[in-house]
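K.L.:
The residues making up each chain are set out below.
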Amino acid sequence: KQEVTQIPAALSVPEGENLVLNCSFTDSAIYNLQWFRQDPGKGLTSLLLIQSSQREQTSGRLNASLDKSSGRSTLYIAASQPGDSATYLCAVTALDTGANSKLTFGKGITLSVRP
Amino acid sequence: NAGVMQNPRHLVRRRGQEARLRCSPMKGHSHVYWYRQLPEEGLKFMVYLQKENIIDESGMPKERFSAEFPKEGPSILRIQQVVRGDSAAYFCASSLGQGRDQPQHFGDGTRLSIL
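Chains E and C, in that order, give the protein sequences. Here the first sequence is numbered in this note's numbering, starting from 1 and rising by one per residue. Here the second sequence is numbered in this note's numbering, starting from 1001 and rising by one per residue.
Derived by calculation from the structure, the hints in this document are not laboratory data. Worth double-checking, as some hints may not be accurate.
[As the list claims (entries may be wrong)] With a straight-line cut-off of 25 Å between C-alpha atoms, the simulated DSS-like cross-links for lysine-lysine are:
no.: 1; chain 1: E; residue 1: Lys1; chain 2: E; residue 2: Lys107
no.: 2; chain 1: C; residue 1: Lys1044; chain 2: E; residue 2: Lys107
no.: 3; chain 1: E; residue 1: Lys107; chain 2: E; residue 2: Lys42
no.: 4; chain 1: C; residue 1: Lys1062; chain 2: E; residue 2: Lys1
no.: 5; chain 1: E; residue 1: Lys68; chain 2: C; residue 2: Lys1044
no.: 6; chain 1: E; residue 1: Lys68; chain 2: E; residue 2: Lys1
no.: 7; chain 1: C; residue 1: Lys1051; chain 2: C; residue 2: Lys1071
no.: 8; chain 1: E; residue 1: Lys42; chain 2: C; residue 2: Lys1062
no.: 9; chain 1: C; residue 1: Lys1044; chain 2: E; residue 2: Lys42
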């Protein structure tokens, strides 16, 4: 059974700092991995999606990497801003689910960027 | 608004009552996923539906929970005889078609509170 872990559960950094959020998963047979952002009381917004054959994806100040063999992914946020404060969720899609793209989520990392 | 619409945003029920959560997918989307987020937990997959069909309900509790996605109208997640442990945020996501390359778009969720 796939388990996705995100540690620590919360992180507080000063504005401007570069930071790395970690995600690990127990079963390397994944189809893809996604990073989502969740603001309080809101739904999820997809940030980056990495296919299992890819090593990384970039969007603006965000860079996500994937090491499938070791079961790890990182989300790198450059020059953090107070507006980056949110909960960041990592989720994987299994390789053997056919057309069903149900996601398995970690519990998330709640990031607070201090002005 | 072309996004996934969930209503109500907040729902309060007393123990033993029924809760009905509605999800209108994005225009043109015929695939719906329901996820539950318990306090201090990550999102957990509940059920995957296509129009008039339940494809995967492996994440649904065996009793009291049911879901439908009729030919016309929104998808409904129904919880009968609610208990305190049903208090959670319930999220719906829709996708254009089947397959793991189809991104899921999330609604803002329904926060269910059981008194």
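K.L.:
Hint by hint, note whether the structure agrees.
P.N.:
Consistency of the hints with the structure:
For the hint pairing Lys1 (chain E) with Lys107 (chain E), the CA-to-CA distance comes to about 16 Å; that is within 25 Å, so the pair holds. Restraint check: the Cα-Cα separation between Lys1044 (chain C) and Lys107 (chain E) comes to about 10 Å, which is no more than 25 Å; the hinted pair holds. Distance check on the hinted pair: Lys107 (chain E) and Lys42 (chain E) sit about 16 Å apart at the alpha-carbon level, within 25 Å; holds. Between Lys1062 (chain C) and Lys1 (chain E), the direct Cα distance comes to roughly 19 Å. Compliance with the 25 Å bound is thereby established for this hinted pair.
Under the criterion of a C-alpha separation no larger than 25 Å, the hint pairing Lys68 (chain E) with Lys1044 (chain C) is consistent with the structure, at around 22 Å. Proposed proximity of Lys68 (chain E) and Lys1 (chain E) is supported: the alpha carbons are some 16 Å apart, at most 25 Å. For the suggested pair Lys1051 (chain C) and Lys1071 (chain C), the alpha carbons sit about 6 Å apart, so the restraint of at most 25 Å is met. Pair hint Lys42 (chain E) plus Lys1062 (chain C) does not hold up; C-alpha atoms about 28 Å apart against a cutoff of 25 Å.
Only pairs whose Cα atoms come within 25 Å are accepted, and Lys1044 (chain C) paired with Lys42 (chain E) is accepted, the gap being roughly 16 Å.
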